[in-house]
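Based on the provided sequences and hints, a complete structural model is requested.
Keeping their order, the protein sequence lines are chains P and L.
What the first sequence shows, in the working numbering, is residues 620 to 939, in sequence order.
What the second sequence shows, in the working numbering, is residues 273 to 512, in sequence order.
No lab work stands behind these hints: they were computed from the structure.
Keep in mind the model is a prediction, meaning the values are calculated, not measured.
Just so you know, even glycine gets a beta-carbon here, dropped at the ideal spot from N, CA and C.
Do not rely on the hints blindly, as some may be mistaken.
Below, in silico cross-link-like pairs of lysine-lysine (BS3-like), each with a Cα-Cα straight-line distance of 25 angstroms or less [stated by the list, open to error]:
| no. | chain 1 | residue 1 | chain 2 | residue 2 |
| --- | --- | --- | --- | --- |
| 1 | P | Lys795 | P | Lys754 |
| 2 | L | Lys350 | P | Lys754 |
| 3 | P | Lys855 | P | Lys904 |
| 4 | P | Lys729 | L | Lys278 |
| 5 | P | Lys637 | L | Lys508 |
| 6 | P | Lys687 | L | Lys350 |
| 7 | L | Lys350 | P | Lys757 |
| 8 | L | Lys361 | P | Lys687 |
| 9 | P | Lys624 | L | Lys508 |
Now the stretches of chain L that chain P is said to cover, found in silico as 3 or more residues with beta-carbon under 8 angstroms [what the hints assert, rightly or not]:
| no. | stretch |
| --- | --- |
| 10 | 276-283 |
| 11 | 349-355 |
| 12 | 487-493 |
Away from chain L, derived, C-beta distances all over 12 angstroms, residues of chain P [to be verified]:
| no. | residue |
| --- | --- |
| 13 | Glu622 |
| 14 | Lys628 |
| 15 | Tyr697 |
| 16 | Pro784 |
| 17 | Arg785 |
| 18 | Lys855 |
| 19 | Arg863 |
| 20 | Asn870 |
| 21 | Gly880 |
| 22 | Ala903 |
| 23 | Leu910 |
| 24 | Arg913 |
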Amino acid sequence: MIEVKSLTKTYGKNRGIKGISFSIPEGQIVGFLGPNGAGKTTTMNIITGYLSADIGTVTVAGFDILEKPREAKRHIGYLPEQPPLHLGMTVEEYLDFVYELKGVRSPSQKDHIGSVCEMAGLTDVYFRLIGHLSKGFKQRVGLAQAMIGDPDVLILDEPTVGLDPRQIVEIRNVIKDMGKSRTIILSTHILPEVSAVCERVLVISQGLIVADDKPENLAGSIGGERTLLARIAGPKSQVLALLRDQDGIQNVSELGEMESGSHDFVLESRPNVDIRKPMFSALAKAGYPLLMLRPQDASLEEIFLKLTETGHEKTESEEG
Amino acid sequence: MLAIFKRDFRAYFTTPIGFVYLGGYILVLNLYFYLYNIANVSTRSNSLAGIFSFMLMVMMFLTPILTMRIFSEEYRQKTDQLLFTSPVKLSGLVMGKFLASLSIFFCLLLLSLLWPSAIALIGQNNMAEVLGNYLGIITIGAAYIAMGIFISSLTENQVIAAVGSLGLFVGLYLLEMLTANLATALPGWAVTALRFVSIFGRYSDISMGLLALDDFVYFLSICAVFLFLTVRVLEKRRWS
Chain P
620 MIEVKSLTKT YGKNRGIKGI SFSIPEGQIV GFLGPNGAGK TTTMNIITGY
670 LSADIGTVTV AGFDILEKPR EAKRHIGYLP EQPPLHLGMT VEEYLDFVYE
720 LKGVRSPSQK DHIGSVCEMA GLTDVYFRLI GHLSKGFKQR VGLAQAMIGD
770 PDVLILDEPT VGLDPRQIVE IRNVIKDMGK SRTIILSTHI LPEVSAVCER
820 VLVISQGLIV ADDKPENLAG SIGGERTLLA RIAGPKSQVL ALLRDQDGIQ
870 NVSELGEMES GSHDFVLESR PNVDIRKPMF SALAKAGYPL LMLRPQDASL
920 EEIFLKLTET GHEKTESEEG
Chain L
273 MLAIFKRDFR AYFTTPIGFV YLGGYILVLN LYFYLYNIAN VSTRSNSLAG
323 IFSFMLMVMM FLTPILTMRI FSEEYRQKTD QLLFTSPVKL SGLVMGKFLA
373 SLSIFFCLLL LSLLWPSAIA LIGQNNMAEV LGNYLGIITI GAAYIAMGIF
423 ISSLTENQVI AAVGSLGLFV GLYLLEMLTA NLATALPGWA VTALRFVSIF
473 GRYSDISMGL LALDDFVYFL SICAVFLFLT VRVLEKRRWS
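Shown next as structure tokens:
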């Protein structure tokens, strides 16, 4: 559905994007993840035809955005970082304008806009001036604007930014709903959002794609050796000695006393060894109760930091 | 194009801009009309030539109000992202905006029909003069609007757009004065060239009822050139 080939765009020195390529099949929800200034917005602006790349091509639904801009744009709904709202218009006037601007042909303009408003939760504010709406509602009007004309591809630049937690959940559900029948790219720097909504993650850092995978695979691949967090009641030194005696445990580090009479330990097992059962029996035999045991998967935050750090090093070495 | 036209035309009246523009004209010009054509019995005349040349002066100051927001405001509010990612041709977009401003200008002309109507009540209109003046003011008004739109496409600051347009209009006027005053000092070819590009010379030809095709082609070309330049500016923004 979306085909992006070696996009490059430079602004001044060392900004912009450096050869981004990816391809998104129909019906996928893809998350663009990256720190501020990584090139997410630039990439999205190029895909939607707002900016042009120095090098590279973008094809949407089989149409090149530069050669057949009108055909390609007909398939795209775009919610930019700042929703493109005319504050002096009511929601009704604005959506009518967008409908006409996009040259949408549907059996009934009123029904179409009505259904979009319902999806975006705008029915209650339909006759109000956009300038008087709260930020969350403005964001929804922006989302509704992107959905007018029922495009196959939705490109959403930080759709949940500035919303309160309840609105965030609502907007995410709207996006998930829409994603059932559409291809969606959404950018964010909020990591849990990606695992909540997306089927695939593209991590961008310093204008390069540093990872492209499913959110859960990303966690597994970077997590490395399995680490466990254990809280064990008993005297520290003896427990530590006992843990170090365990065959499967490669490394133990003590975190301190979080709950009186117990200590927390981070246990790193050898690859492909499950240490939980033998450790539990050993502790039980020695009379040190295990109060808590949970896997310490690398969180998306850590993965993200790791990836963007390596991306950083890579670009630096490239330049050097 | 129609969508843009409708939105922009409406926006003139949902913001104070349209009212300031029309109100400013009406206040100043009707006062002039009252003073010169009605009140003062000694100078009172049936001729509208005076008020139209006064309108030409006022136009230099009020047209920037009409055009300053056209693209600047879109850039500033980032609504240009909606325009430029919609399946619309840039030329259609510029044309829609041009026609919206032009329509406001026509609203003004509609209101100005008060003058010939009032004259008709108390005297006799010189129909050729009235017609010539209307044609002249329409052509030069359209040219000013096209220039103003072009200036507005260059900046996201409304004030700069307004001052820039004003500077352009006043500059053109000064050039005209200069040509008239230096006609004897300048070489003949330069005077001919300056006369050829002179907006006001052609305007006064039309307003005096000398309707020549080349004058209309000239004004049409000015509009076309500035609107085309606007399209190029918008295109260039994508590559910056």
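Are any of the numbered hints broken by this structure? If so, which, sorted upward? 12, 14, 15
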